[in-house]
Amino acid sequence: MRVHADRSRCMAAGHCAVTVPGVFDHGEDGLVVVTDEKPGEDYLEEIELAVDLCPSRALSVTRDQHDSSAPPK
Amino acid sequence: MLSYPQDRTCPYQPSPGYRELGRSGPLHKVRLWDGSTIWMVTGHAAGRRLLADPRLSADRSRPDFPVVLPRFEAPIFKPIAIIGFDPPVHDVHRRMLAPDFSLKHVREMRDEVVELTGRLVDDMLRKGPPAELVEDFALPIPSMVISQLLGVPYEDHVFFEEKTVGLLQAKDAAGAEAAGQALWDYLDELISAKERTPGGGEGVLGRLAGRIDDRDLTREDLLRIALALLIGGHDTTSQMIALGVVTLLEHPDQLAAWRAAPPEALPAAVDELLRMVSVTDVSGVRVATEDIEIDGEVVRAGEGVLVSSSMTNRDPEVYEDPYTFDIHRAAGRGGAASGRQHLTFGFGIHQCLGQNLARMELEVAFSTLFDRIPGLRLATPAGELPARSGGTMQGVHRLPVEW
Ligand code: HEM
Ligand code: SF4
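If you read the protein sequences in the order shown, they are chains A and B.
Taking this note's numbering, I'd label the letters of the first sequence as residues 3 to 75.
Taking this note's numbering, I'd label the letters of the second sequence as residues 901 to 1303.
Fair warning: there could be bad hints in the mix.
Stated by the list, open to error - Between beta-carbon pairs, the in silico distance windows are: (1) B:Val992 to A:Asp27: 32 to 40 Å; (2) B:Ala1078 to A:Arg65: 53 to 61 Å; (3) A:Leu46 to B:Asp1113: 39 to 47 Å.
Just so you know, these hints were derived from the structure itself, not from any lab.
Beta carbons are placed, not taken as given, at the ideal position from N, Cα and C, and that holds for glycine.
Let the hints inform the model, and build the full structure from the sequences given.
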């Protein structure tokens, strides 16, 4: 799984960093920063919640084609 | 066709007419005061899709922008910054403010809000019951917080907060214009003082005074941004405190659950209160700039759209027993964010800039009040409280309490 945040869309609502603090944070400018681009599968459910909550559709996740134990590409 | 708006009959439940409407689908045409019609959205998914759709405009200067209520606002408030603009101007101004509303900054402000709230309760206890909770508690909290956020010097707080309250409680456009002008002149001078201060000084105005460049940010923009923060953050938060207290007091089991809850469960409990009360009743008003097909209907270019927060927040597709107040309903995934699907703060690029600040103020306000005054109760039955009428913004003029 790979997590991506489009800073040009972020409106600094802050849901992501509250939902998954180990994966999202905010820079000095208040906008999203991804601190862990390839988090473990354990985070998937929370990351999907963050993607769903983001009001400006700035977050996305790409999942591996293969099973969850496959090494990230 | 249903006429809009309709008054609530219960302080924390949507108007009966809207409930009826919500049963017949996600989108409905309703009639406004001037005879025109607007799409009222009651479905959660449709509401989110529309508010995130760039084909809808928030530009209040467009001639086709819907006029939901007869306009009382004083001319000084037009145009209203950020909320009334589309990209690119919207995004430029909103991003300038992002650092002041970040989670980190909100957490830094918390101790001061705890102290302020404690002082207000001290005063209430010293005077003894009864108290009027709007004036004694619900109004001063956001008022003080916004002064601080803007960077109003401490010695001017009393003046500034008096004028702000005068503005919000003005009886007519002339009164609002006078109070608005006094605030405008004051803020104008304050910006000049910040411009003379090396490094700019405190708060949003201190930080942004140095960024006035007559391109991305003019002096007038900054004044309008300050007024937008005052207007956006004051009445909403204070009435949410008042109606939140009413909702908790009317549900003793939930108040007991709040008291027993560990601190990490409180953010989701605050979001459940925000969902229930839906204090603005509306998540956003827009006008379509192109035809938009949604759920088998077509919103035509030039038609108005109003997303109802009280109804989208009770969509049975998203919420089980949607009319039930349950502070633990979101317990589980997503930690402190688990209760955030509601549309009380809107959705899309205009979703409330002050939401994390508001959540913090609310959590501190309810916790402090119910910890310090365990015997708090309404001095007037909830059904007889003097409630606002004829508009969309909910609220009570007075909230008499005793203990
Ligand atoms: C319980 C309290 C609050 C509620 C229910 C609330 C509700 C809302 C809603 C529904 C919107 C979206 C409007 C739209 O899309 O047309 C909004 C936007 C906004 N709110 Fe709040 N608000 C609250 C507190 C605050 C506070 C404390 C502040 C600042 C001090 C604030 C500042 C703003 C601003 C600047 C916007 C415009 C954002 C934009 O257009 O990008 N609000 N609010
Ligand atoms: S939830 Fe979306 S808009 Fe909010 S801070 Fe995260 S990326 Fe930005």
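Enumerated hints in conflict with the structure, sorted upward: Structure breaks hint 1 only.
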